[in-house]
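Given these sequences and hints, build the entire structure.
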Amino acid sequence: MNTNILKKHVLYFMKIVLIWALFTAIAFVLNSLGWQESTLILAYVLGSIIWTVLKIPYGYGLFLTFVNVLTFNYFFTLPYYTLRVDDFQYLFTFISMFLVSGFTSYIVFISNKNRHMAHIRSLNNRYLFQLSELLYQSLDFEEGLKDAIVLLENTLHAHVEVKIFNHTQQVTEYIEQCESDIQSKVLDAYMTAQPQILDEPIQKSSCFPILINKEVRGFIFVNDVRLSDDAIEWMSTIGSILALAKQRIESIRMEEEAKLNYEQEQLRVSLLSSISHDLRTPLASILGSSTLLMDELKLNEKDNVLITNIQNDAKWLLDSVENILSLIRLNKGNLSSQFQPVMIEDCIEEALKHFSLEDIKRIHLDYQHSMLFVNVEVHLLVKAIVNLVHNALKFSTKEVVIKTYQTNGWCCVEIIDKGIGFSKNIKDYLTDGFQSTKPLNPQHRQGVGLGLHIVSKIIDVHHGQLSIHPNSTQGSIVTIKLAIHQEVL
Amino acid sequence: MSKILIIEDDISLQHYISTLLKNNGYDVCVASNLSSASSMFYSHSPDVILLDLTLGEEDGEVFLKKNRELTQSSIIIVSAIDDFSKKVHLLDEGADDYITKPFNPGELLARIRVGLRKKTSNDPTKQSFQYQKLLIDYEKECVFIEDKEIHLTPLEYQILKYLTLNHGRVCTTNAILKAIWGVHYTQADAQNLRVFMANLRKKIEPNPTRPNYLLTHVGVGYRFID
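Sequence order for the protein chains is P and V. Take 1 as the starting number for the first sequence in this note's numbering and just add one per residue. Take 1 as the starting number for the second sequence in this note's numbering and just add one per residue.
Calculated directly from the structure, the hints in this document are not laboratory data. Quick caveat, the model's predicted, so the values are computed rather than measured. Among the hints, erroneous ones may be present.
[Stated by the list, open to error] In silico lysine-lysine, BS3-like type, Cα no more than 30 Å apart, as pairs:
1. LYS361/P - LYS203/V
2. LYS86/V - LYS353/P
3. LYS118/V - LYS353/P
4. LYS302/P - LYS22/V
5. LYS361/P - LYS133/V
6. LYS398/P - LYS418/P
Structure follows, in structure tokens:
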């Protein structure tokens, strides 16, 4: 590094010696041709200006001018070959010569400096542009960032490191893990959201915060080099560009996720409607036609049993379809948007529509409190009640009680039966599907074991509680607890 | 003889419904797609139309939108799609009723009877309404149960009047709110309606837990039994 500087100065010196020699030679030639002193002065003035064009530093230029004045005085003014000045007018000529070349070269020097700065700025802008292009063209942010770091390192001749995080929490975790020598600077950058410069003889490091949505979400570190004020400002701009690129990638990702969710939702909805249509329509036909046959034809007992079997199986199939539909509904994306406040009595009433008159006769309603509102997805809650009542009817031959009451902000629905109770581990029914028990009532077919599992999932999505206890005498009590919806009246 | 148009693409179900209706003394015509449905509609001018929503690739809702303004006939949607918002949407679009597949034959016949009555006795100047033990005198704005007068608040009376004038039909919550509170009803009014209905039941139903008169169609609306 030092030899380079020395070489540069030697070069400057040689240049001014050359200029001095060249114009002194010209002056001698002109002098021998008998030209006047005033013309010779102009040759020296020219010699004092020419250095500006050759990009010689200002100090050297002034030195050259000074030497030129002395040389002119030595060779071409009376008395010759001395530095003495007899004529006072010469003194004025020397000062004028010095000032003219001084001012002229100063102006040229300033304009050169400005030109240099403009060049640097345009270079900086070009780098900014290249950097933005790298970050914006690549859909993989990390990939774009790698290229951008290489570009920054080549531009700044420094070691550059970029840390950028998805969440503010990760930023604080990172600061905690930072090495102690830079930790305080990073923390300052995080707290103030301003660049922090560490400029010590042993360690030179700058830390620039990256702000996304007014939050510090990362840092750029420039190590091993002392940055000029211009470079610090420029690096702050780089921070903004990185933040914008990151934001862009994040919003593209969110947009893609939303699109994907929407497409999946559409697929689910079309699946839902096609299952319901494709299976419900033939079931409607089987159930309807068999009922019609039973009513219209005077059938003997054997035929009647056959048709009843057709009907029971169709009902069983329908029940399974409904269970599958409930599972699809449960897995629907924004389920809570389908929630609406309803009275629990209305849901029970709706659920009872799924049972035959014969079944209804066995159901006793016991509403201890009325007008209990709950915020639910009605299809699902009705399905939960249907499944529980269905089980109660299936595993007992006696009366089934549906009881509602409120306690401590909860709306409770109890389904009480005097049946066989739960023989297997209750948890097995709740957590795993496909656990089933042979029904007590021979009219019912053994289920696939989805019923209680679905009820448990339904109560879960409503943030409620499901509990099963043995009835004191016989059978079991299933309790659903749902938060009471506070009505705005 | 009342004429019923069945628009249904499933042949088995088409057979079943037409047999059921013929056995009950109705004149039946059937269509499996929208173009034949349109020609049947114009040539037979049916009293009640049973409309399936999914007709292969075609959407039954198109038929409803196209013909609702042209006819006084009742249009009853018979669909496998069991979705509250869809039901509310179609009822608000002008469908007279909505039945989900599979349905009870008795229920379908009852809904058809309501549909037919709409065409024959849609009389706004009716003076009274009686169903079992309930009697409403529209002129004096009084409600009686077994000749004993029941005191209703003005809003309760308005709701009951609206439902009984449309008895047998499902009235969507939106339709009731619009009729009683006017077009500028709020979400709070919708919640109030549920409370009014519960109170109304307590006053007129012999057993409010097993309503006999005012039936709820959860997520859709209310219906005064036919």
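These are the hints, each one checked on the structure:
1. For the hint linking LYS361/P to LYS203/V, the alpha-carbon distance of about 25 Å falls within 30 Å, and the restraint holds.
2. With a CA separation close to 20 Å, the supplied pair LYS86/V and LYS353/P stays within the 30 Å bound.
3. Distance restraint check for LYS118/V and LYS353/P: the Cα-Cα separation of roughly 25 Å lies within the 30 Å cut-off, and the hinted pair is therefore satisfied.
4. A threshold of 30 Å between alpha carbons decides the hint, and for LYS302/P with LYS22/V the separation of about 28 Å falls inside it, so the pair holds.
5. Proximity of LYS361/P to LYS133/V is assessed by CA-CA distance (about 23 Å); at most 30 Å being required, the pair is judged to hold.
6. Distance hint between LYS398/P and LYS418/P is fulfilled; the C-alpha atoms sit about 6 Å from each other, no more than 30 Å.
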